[in-house]
Amino acid sequence: MFRAEAFAKTFEYAELFVQGLICTVSLSALTVVFGFILALALAVMRLSDIHVFRFLSRERQRSLTARGGALYALARFNPLRFLSTVYVEVFRATPMLVQLFIIYHVVLAGVGIPTFKLFGFIRFERFVPCVVALALNSAAYLCEIIRAGIQSIDGGQTEAARSLGMSPWKTMRFVVLPQAIKNILPAIGNEFVTIIKESSICYTVGVQDIMYAVTTVKSAIYTIAEPLIVATCVYFCLTFPTSKIIAHFERKMSAGDRRSGADTARVRKSKNLALKG
Amino acid sequence: MTNEKLIQVVDLKKHYNRGAIRALDGVSVDIDRGDVMVVIGPSGSGKSTFLRSLNLMEEPTGGAIYFEGQDITQKKVVMPDGKKVRLDIDAYRRKMGMVFQHFNLFPHMTILDNMTIAPVQVAGIPRAQAEEKAMALLSRVGLADRAGAYPLQLSGGQKQRVAIVRALAMEPQVMLFDEPTSALDPEMVGEVLDVMKELARDGMTMVVVTHEMGFAREVGNRVLFMDAGKLVEQGTPEDIFTRPQNPRLQDFLSKVL
Ligand SMILES: Nc1ncnc2c1ncn2[C@@H]1O[C@H](COP(=O)(O)OP(=O)(O)OP(=O)(O)O)[C@@H](O)[C@H]1O
Ligand SMILES: [Mg+2]
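Taken in order, these protein sequences are the chains called Z and X. Residues 1 to 277 in the working numbering are what the first sequence spells out, letter by letter. Residues 1 to 257 in the working numbering are what the second sequence spells out, letter by letter.
Among the hints, a few may not be true.
[What the hints assert, rightly or not] Here are the simulated DSS-like cross-link-like pairs (lysine-lysine), alpha carbons at most 25 Å apart as the crow flies:
no.	chain 1	residue 1	chain 2	residue 2
1	Z	170	X	13
2	X	75	X	133
3	X	95	X	75
4	Z	170	X	95
5	X	230	Z	170
Calculated directly from the structure, the hints in this document are not laboratory data. Note that this is a predicted model, so its numbers are computed, not measured.
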């Protein structure tokens, strides 16, 4: 099935695979960075407490308590949360390839992205739409990760910060987010691995990633099996160590959690004692 | 000790589920400067809700809380020139320190950073000055040598002492304590109570929810007994502990003393 001479021929194009590797890594790294920033905004929107029609409830409280009735439902309507939720659901419910084509062929088609070659070979005007599409897509997934991370932080942390007079924003920035992000770093790492793999669809719009190297070599040596094997190895060598490193950090961090877990257990025990006594 | 009113609570109510649960059911009380007010009562009687309403950690569903004459349950304040502006609740919270049962130190910051984050970020005090003050406060509770440690490396009693001085770093007018010793191992209760006693001696206005009847007797100048969301009886520790009037208070004391 595989022929040695075909592998030999494939290796003559090794430079294309190296370029593909550089392209895939920069594509994925930029996607995670921009996706993360967007996801942070989406998560904060989703957890926000803004009710434009709150006056309808005639409640004097700042936070609205759950109650029935259509008027009350309208009073609780939060446009930011609504937008964020719609965004997340739409991007998670549609195929990545469709999103990429819409961004590349429709949304950014008329935008004059400067045409030059990044690192001397990556065509910038094709690279940018891919980063945009991948970042928009992964932001939807990262948003859910960040939201869960924020919600996992003990409410006592927020209370302590607010009781010191910190504003909601400063509480988020100095107290909640630093802890949340530390907790979700492994999940973000996993998302990075996912993006490395998903970015392989970008060859369809002519970005010179690893898969693009495969198609180029295929048309040069009239065989696809061997180039595909080489590409598989390159992807594997990229994602396998990355996920191992992430798993290592994950173990290290959960070791720290176990210690604080023991701490809470002791607190609970002594609370029981205090109640009995 | 001046007898000036610091906080006036008027008919304070906190209802849940459209009044099905009445955590606070019309509580009125004045807190004067220099008061050490101890709040006691059975579990679920609304002690925490009362304390947490004072700095609006819980938002009351009715009644008013006047802090230095300003009703802080209102969303708008009328300025002297007649203009209405948003009431800055954070500004009022700065004047009320709060100490929690579970300490709630920030685990990702050193003790010193825990102490300085609010003075620097909220009060705008220069870092060097805030650190100097923090070190002085830490020395007062015998923890200056732990300034660089993380909360996880401290014992429960040490954490609570840090939590107290963290609140003091904002120079509050009143300190609110919600069962500050309930989460501590018995051998650490004393060290925290000692810090609170010293605070009381220095004239700090304090509102303390506690099950430590010894502390209530020794340090408190007023004791409130709450039951089912109502303020049932109040008086000096002497009145409450030796001459309880209300049968529910008598029953409660027979169980805890
Ligand atoms: N979010 C909530 N929803 C519904 N009911 C609540 C809520 N929070 C508190 N309550 C109720 O309000 C009442 C008063 O609670 P609170 O915590 O103030 O009591 P407590 O006196 O502090 O009790 P403990 O000594 O156990 O701390 C309780 O009956 C409680 O169940
Ligand atoms: Mg309580």
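For a C-alpha distance cap of 25 Å, please report whether residue 170 of chain Z and residue 95 of chain X respect it. holds, 18 Å
Does residue 230 of chain X pair with residue 170 of chain Z here, judged by a C-alpha cut-off of 25 Å? Answer violated: residue 230 of chain X to residue 170 of chain Z is near 36 Å, above 25 Å.
Straight-line Cα separation of residue 75 of chain X and residue 133 of chain X no greater than 25 Å? violated, 33 Å
Given the hint that residue 95 of chain X pairs with residue 75 of chain X, test it: the Cα-Cα distance must not exceed 25 Å. holds, 18 Å
Measure nothing beyond the straight line between the CA atoms of residue 170 of chain Z and residue 13 of chain X; if it is 25 Å or shorter, mark the hint as holding. violated, 30 Å
In terms of the numbered hints stated before, the structure departs from hints 1, 2 and 5, listed from lowest to highest.
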